[in-house]
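2 protein chains.
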Amino acid sequence: MIQAKIAEILESDQFLQEFHIRGWVRSFRSNRFIALNDGSTINNLQCVIDFENTSEETLKRINVGAAISVKGTLQESQGSQQRVEVEVQELKILGDANPDEVKLTILSPKKHSLEKLREQAHLRVRTNTFGAVMRLRSKLSFAVHKYFQEKNFYYVNTPIITGSDAEGAGEMFKVTAMDLKNPSKNEDGSINYKDDFFGKETNLTVSGQLEAETFALALGQVYTFGPTFRAENSNTSRHLAEFWMIEPEVAFCDLDGNMDLAEDFIKYVIKYVLENCQEDLEFLNKRFVTENNAKPKLERSEMDLLEKLNFVLDNNFKRVSYTEAIEILKNSKPNKKKKFNYIIEEWGADLQSEHERFLVEKHFKSPVILFDYPAKIKAFYMRLNEDGKTVRAMDILFPGIGEIVGGSQREERLDVLKEKMQELNIPEEELWWYLDTRKFGTCVHSGFGLGFERLVQFATGMSNIRDVIPFPRTPQNAEF
Amino acid sequence: MIQAKIAEILESDQFLQEFHIRGWVRSFRSNRFIALNDGSTINNLQCVIDFENTSEETLKRINVGAAISVKGTLQESQGSQQRVEVEVQELKILGDANPDEVKLTILSPKKHSLEKLREQAHLRVRTNTFGAVMRLRSKLSFAVHKYFQEKNFYYVNTPIITGSDAEGAGEMFKVTAMDLKNPSKNEDGSINYKDDFFGKETNLTVSGQLEAETFALALGQVYTFGPTFRAENSNTSRHLAEFWMIEPEVAFCDLDGNMDLAEDFIKYVIKYVLENCQEDLEFLNKRFVTENNAKPKLERSEMDLLEKLNFVLDNNFKRVSYTEAIEILKNSKPNKKKKFNYIIEEWGADLQSEHERFLVEKHFKSPVILFDYPAKIKAFYMRLNEDGKTVRAMDILFPGIGEIVGGSQREERLDVLKEKMQELNIPEEELWWYLDTRKFGTCVHSGFGLGFERLVQFATGMSNIRDVIPFPRTPQNAEF
Chain A
0 MIQAKIAEIL
10 ESDQFLQEFH
20 IRGWVRSFRS
30 NRFIALNDGS
40 TINNLQCVID
50 FENTSEETLK
60 RINVGAAISV
70 KGTLQESQGS
80 QQRVEVEVQE
90 LKILGDANPD
100 EVKLTILSPK
110 KHSLEKLREQ
120 AHLRVRTNTF
130 GAVMRLRSKL
140 SFAVHKYFQE
150 KNFYYVNTPI
160 ITGSDAEGAG
170 EMFKVTAMDL
180 KNPSKNEDGS
190 INYKDDFFGK
200 ETNLTVSGQL
210 EAETFALALG
220 QVYTFGPTFR
230 AENSNTSRHL
240 AEFWMIEPEV
250 AFCDLDGNMD
260 LAEDFIKYVI
270 KYVLENCQED
280 LEFLNKRFVT
290 ENNAKPKLER
300 SEMDLLEKLN
310 FVLDNNFKRV
320 SYTEAIEILK
330 NSKPNKKKKF
340 NYIIEEWGAD
350 LQSEHERFLV
360 EKHFKSPVIL
370 FDYPAKIKAF
380 YMRLNEDGKT
390 VRAMDILFPG
400 IGEIVGGSQR
410 EERLDVLKEK
420 MQELNIPEEE
430 LWWYLDTRKF
440 GTCVHSGFGL
450 GFERLVQFAT
460 GMSNIRDVIP
470 FPRTPQNAEF
Chain B
0 MIQAKIAEIL
10 ESDQFLQEFH
20 IRGWVRSFRS
30 NRFIALNDGS
40 TINNLQCVID
50 FENTSEETLK
60 RINVGAAISV
70 KGTLQESQGS
80 QQRVEVEVQE
90 LKILGDANPD
100 EVKLTILSPK
110 KHSLEKLREQ
120 AHLRVRTNTF
130 GAVMRLRSKL
140 SFAVHKYFQE
150 KNFYYVNTPI
160 ITGSDAEGAG
170 EMFKVTAMDL
180 KNPSKNEDGS
190 INYKDDFFGK
200 ETNLTVSGQL
210 EAETFALALG
220 QVYTFGPTFR
230 AENSNTSRHL
240 AEFWMIEPEV
250 AFCDLDGNMD
260 LAEDFIKYVI
270 KYVLENCQED
280 LEFLNKRFVT
290 ENNAKPKLER
300 SEMDLLEKLN
310 FVLDNNFKRV
320 SYTEAIEILK
330 NSKPNKKKKF
340 NYIIEEWGAD
350 LQSEHERFLV
360 EKHFKSPVIL
370 FDYPAKIKAF
380 YMRLNEDGKT
390 VRAMDILFPG
400 IGEIVGGSQR
410 EERLDVLKEK
420 MQELNIPEEE
430 LWWYLDTRKF
440 GTCVHSGFGL
450 GFERLVQFAT
460 GMSNIRDVIP
470 FPRTPQNAEF
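Protein chains in written order, with numbering that gives the first Met the number 0: chain A, 0 to 479; chain B, 0 to 479.
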């Protein structure tokens with residue numbers, strides 16, 4: 000008797016071999032055919048029971064959602080739906096699922112909306128769609144680590160609770176151990192953070208970049224892969240309050256090297272899931288096609304999911320300077336015909352997602368790397384170009400997703416960096432340790448940030464970011 | 000000209016080949032020999048310069064901590080300290096390090112205490128000790144993912160911000176987007192969380208277990224590896240307010256299977272670093288021996304670091320029930336002679352770290368798995384044994400570290416679980432989703448939690464947990 004996962008059994012040629020399988024009933028028809036799933040694959044194992052020799056009592060308990068144990072022999076299947084099946088010799092009910100209660104959940108065998116599934120995030124992973132998404136997410140995570148480790152990058156866990164709020168990447172959540180009803184206060188009524196757990200004001204990190212830089216300037220090349228947070232009231236299909244970010248940082252690497260790294264990295268991880276998640280991707284592709292066909296013609300993607308993934312693999316990302324992009328946008332039809340919500344009038348304008356989508360989906364029809372942005376619309380730590388008005392920043396834009404990567408060469412010159420911080424009123428005392436890295440053996444270095452959920456969205460074709468993370472955190476929602 | 004990392008060059012046989020190397024100066028002696036490090040290895044590359052043909056100006060700038068670029072040819076070294084060296088043809092200073100300023104930092108070439116190094120956590124990774132620790136930490140992280148992925152576990156990112164505080168694993172940090180000075184209040188003076196970002200009270204997670212269980216009961220076997228938090232005022236060498244935890248969870252797995260998994264897992268990751276971090280481990284071993292020899296004889300470890308790691312690999316973890324352990328402790332010398340701070344008098348006592356250390360270090364001289372603890376001293380979700388008074392819990396105890404793993408078979412019976420929650424006043428409404436997993440296809444399942452930093456401590460021989468995480472968070476400290 001071999002104890003095995005369904006993924007293995009479905010590939011097995013050991014006919015007549017006895018197997019022991021445990022899983023959850025996905026369907027039961029004709030009092031004979033159980034479709035059993037154990038999470039190891041999207042595919043179910045057909046288990047055929049001899050209903051004449053199965054008690055009425057047991058038959059009644061083989062309900063959708065129930066956990067069962069099955070012992071039986073592997074057979075070639077007579078049916079056209081599957082290659083193999085298991086002829087059941089022994090069946091045990093491990094955990095019941097009362098059909099009347101199941102009916103009230105998303106486990107009930109009918110089509111549920113993604114919104115409905117989200118309300119039961121603890122159960123949705125038992126559905127085909129979310130099983131596929133979460134398995135793929137796991138493989139994609141591993142591909143991230145594998146890529147960097149093979150390239151001898153070191154993984155660094157930058158702090159989640161941070162005492163520095165100087166980075167300005169977005170609104171931050173506060174972290175405190177004080178009683179909110181009655182926090183310690185100074186005489187002037189301000190909060191006395193000296194009495195808080197850390198003895199100072201603390202927040203949830205918006206990025207591990209600055210800390211990662213300190214490590215890159217010691218270990219050479221490092222990456223983070225951890226949770227980051229934004230307390231922004233953005234109730235959209237593209238934003239989460241808590242999401243996972245990947246941030247490589249490389250010493251002695253300029254912006255060109257940074258673009259090469261980002262492109263190579265994305266291609267590697269996409270290739271990895273194409274090779275390691277075939278069945279889940281086939282399912283997600285069908286899902287994508289169905290959803291796509293239901294859309295108004297103008298909004299439809301020309302490619303299916305698998306075509307999109309292969310398209311990224313097969314094509315060089317188009318590298319375009321911000322200045323070129325502005326020219327293209329200024330002269331574009333939607334700009335001239337005032338179809339954009341924000342009309343591009345002059346150099347210096349911040350690009351909105353409608354502009355990014357135009358460049359990627361209509362103009363270049365390819366992933367695009369925009370670089371050399373105006374200094375004014377980018378962060379303080381980006382390296383100023385010799386023109387004195389642009390910085391060595393880059394954003395990678397993807398079809399259907401928009402910005403998936405944001406990165407830059409970092410300002411390595413202490414004097415320029417200090418000047419910029421002064422201009423933006425960033426207190427030097429807050430970032431003394433960051434400035435130290437420019438005092439002691441500073442060097443050209445670069446890095447980028449990639450929002451992991453955006454990547455999972457791209458790889459799964461899911462249109463709402465809430466559907467690619469196990470338990471999404473969004474305004475008014477921290478259930479589970 | 001080959002651009003290469005020092006780790007590669009030190010292994011190279013390409014004599015007379017030209018290499019381009021960039022790194023930081025670790026030492027410079029006789030105006031000739033630069034010890035260069037680029038973080039790729041603990042070892043330095045000796046770069047020999049022709050000082051007669053190097054400008055005075057440049058020579059003055061080759062200071063400890065400076066970043067330089069070197070082009071030169073690989074040569075067999077005449078010195079006995081190294082196999083190869085680089086004869087420098089071209090040297091550029093990329094980033095200076097002013098010796099007067101370096102003197103004020105831990106980069107200055109003398110021995111600094113670990114406490115002092117902690118105050119400059121942004122620079123300490125440039126030292127041999129912390130470079131070695133952080134490289135090893137990175138490899139160990141990857142080994143964790145590799146182990147589970149090879150075994151077809153799925154990685155699940157459980158939420159960091161959590162709306163449920165029912166778990167009772169420890170004091171929690173509060174997360175809020177409200178103004179602490181002036182939070183929204185109800186008429187009765189209590190905080191009106193409806194006005195907060197999530198519309199409810201939220202905290203930083205203490206464990207992803209309950210959420211991981213929901214995924215295990217769908218995907219079969221999963222693991223988490225993410226940050227967890229404790230707002231406990233424990234200013235010890237064993238506690239962090241923010242630390243990384245690994246929590247596998249397996250459906251259809253009982254406590255024996257859980258113990259097997261934990262032991263196999265730990266052995267795998269230790270083996271991985273023994274094979275992949277040889278040079279760093281050799282350095283850390285020497286460091287360990289020096290530190291060990293400086294201790295009072297009674298406190299000294301009998302084994303060096305490498306011996307300890309191999310000892311874990313070569314020996315079965317001793318499995319002992321709590322009841323047996325209590326008997327051993329009751330009859331032990333330190334108990335009878337009242338040397339323990341807490342004297343063990345009867346069954347039911349919670350074990351302190353002095354007892355755990357006695358069992359591991361004196362009695363069994365082996366890693367120990369204690370199991371079947373009294374229900375009263377363990378968490379609500381652990382499976383009650385047929386005796387009605389013990390639960391299927393297990394702790395793994397390691398020499399020098401104490402508890403490194405805590406796990407259990409989970410209570411899969413809805414009625415028993417509900418009863419237990421009632422007893423402990425855990426409101427069912429809080430955990431409706433957790434209870435759902437017991438309603439729909441419940442089954443035997445188990446899991447454990449392993450504090451990653453404890454594992455890094457064990458593998459590196461570092462005695463303070465603050466020295467194995469990049470930027471430690473402890474009471475009164477959230478710098479960087």
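Check the hints yourself; a few may be wrong.
A pair holds if it fits inside one copy or across any two, identical chains being indistinguishable in the list.
[As the list claims (entries may be wrong)] Calculated lysine-lysine pairs in the DSS-like style (CA-CA distance at most 30 Å, straight line): (1) Lys-115 to Lys-338; (2) Lys-270 to Lys-145; (3) Lys-199 to Lys-180; (4) Lys-270 to Lys-4; (5) Lys-193 to Lys-375; (6) Lys-364 to Lys-4; (7) Lys-91 to Lys-307; (8) Lys-184 to Lys-70; (9) Lys-110 to Lys-317; (10) Lys-419 to Lys-70; (11) Lys-337 to Lys-375; (12) Lys-285 to Lys-193; (13) Lys-296 to Lys-388; (14) Lys-307 to Lys-145; (15) Lys-375 to Lys-4; (16) Lys-193 to Lys-180; (17) Lys-337 to Lys-184.
Hints were generated in silico from the structure; no laboratory data involved. Here the structure is a predicted model, which means the values were calculated and not measured.
Query raised in the report: When no copy is named, should Lys-110 and Lys-317 be tagged within, between, both, or neither for a Cα gap of at most 30 Å?
Result: neither (40 Å within a copy, 51 Å between copies)
Query - Up to 30 Å CA-CA - Lys-307 versus Lys-91, copy category - result: neither (45 Å within a copy, 45 Å between copies)
Requested in this report: Tell me, please, which holds for Lys-270 and Lys-4 at an alpha-carbon limit of 30 Å: within, between, both or neither?
Outcome: Cα proximity of Lys-270 and Lys-4: in one copy and across copies (25 Å, 27 Å).
Query - Status of Lys-4 relative to Lys-375 across identical chains (alpha carbons, at most 30 Å) - result: neither (56 Å within a copy, 36 Å between copies)
Report task. Give the relationship of Lys-193 and Lys-375 under a CA distance limit of 30 Å: within one copy only, between copies only, both, or neither. Result -> neither (36 Å within a copy, 37 Å between copies)
**Report entry** Intra- versus inter-copy proximity for Lys-388 and Lys-296 (alpha-carbon distance at most 30 Å)
**Finding:** neither (42 Å within a copy, 65 Å between copies)
Query raised in the report: Is it within a copy, between copies, both, or neither that the alpha carbon of Lys-184 lies no farther than 30 Å from that of Lys-70?
Result: neither (66 Å within a copy, 59 Å between copies)
Requested in this report: Tell me, please, which holds for Lys-193 and Lys-180 at an alpha-carbon limit of 30 Å: within, between, both or neither?
Outcome: Both ways: Lys-193 and Lys-180 sit 17 Å apart in one copy and 15 Å across, limit 30 Å.
**Report entry** Alpha-carbon proximity between Lys-364 and Lys-4, which holds within one copy, between copies, both or neither at 30 Å
**Finding:** neither (42 Å within a copy, 38 Å between copies)
Query raised in the report: Quick one: Lys-270 to Lys-145, C-alpha cut-off 30 Å, is that within a copy, between copies, both, or neither?
Result: Cα proximity of Lys-270 and Lys-145: in one copy and across copies (12 Å, 18 Å).
Query raised in the report: Quick one: Lys-419 to Lys-70, C-alpha cut-off 30 Å, is that within a copy, between copies, both, or neither?
Result: neither (70 Å within a copy, 34 Å between copies)
Query - Within, between, both or neither, where Lys-199 and Lys-180 count as close if Cα-Cα is 30 Å or less - result: both (18 Å within a copy, 15 Å between copies)
Hint check: violations occur at hints 1, 5, 6, 7, 8, 9, 10, 12, 13, 15 and 17; the rest are consistent with the structure.
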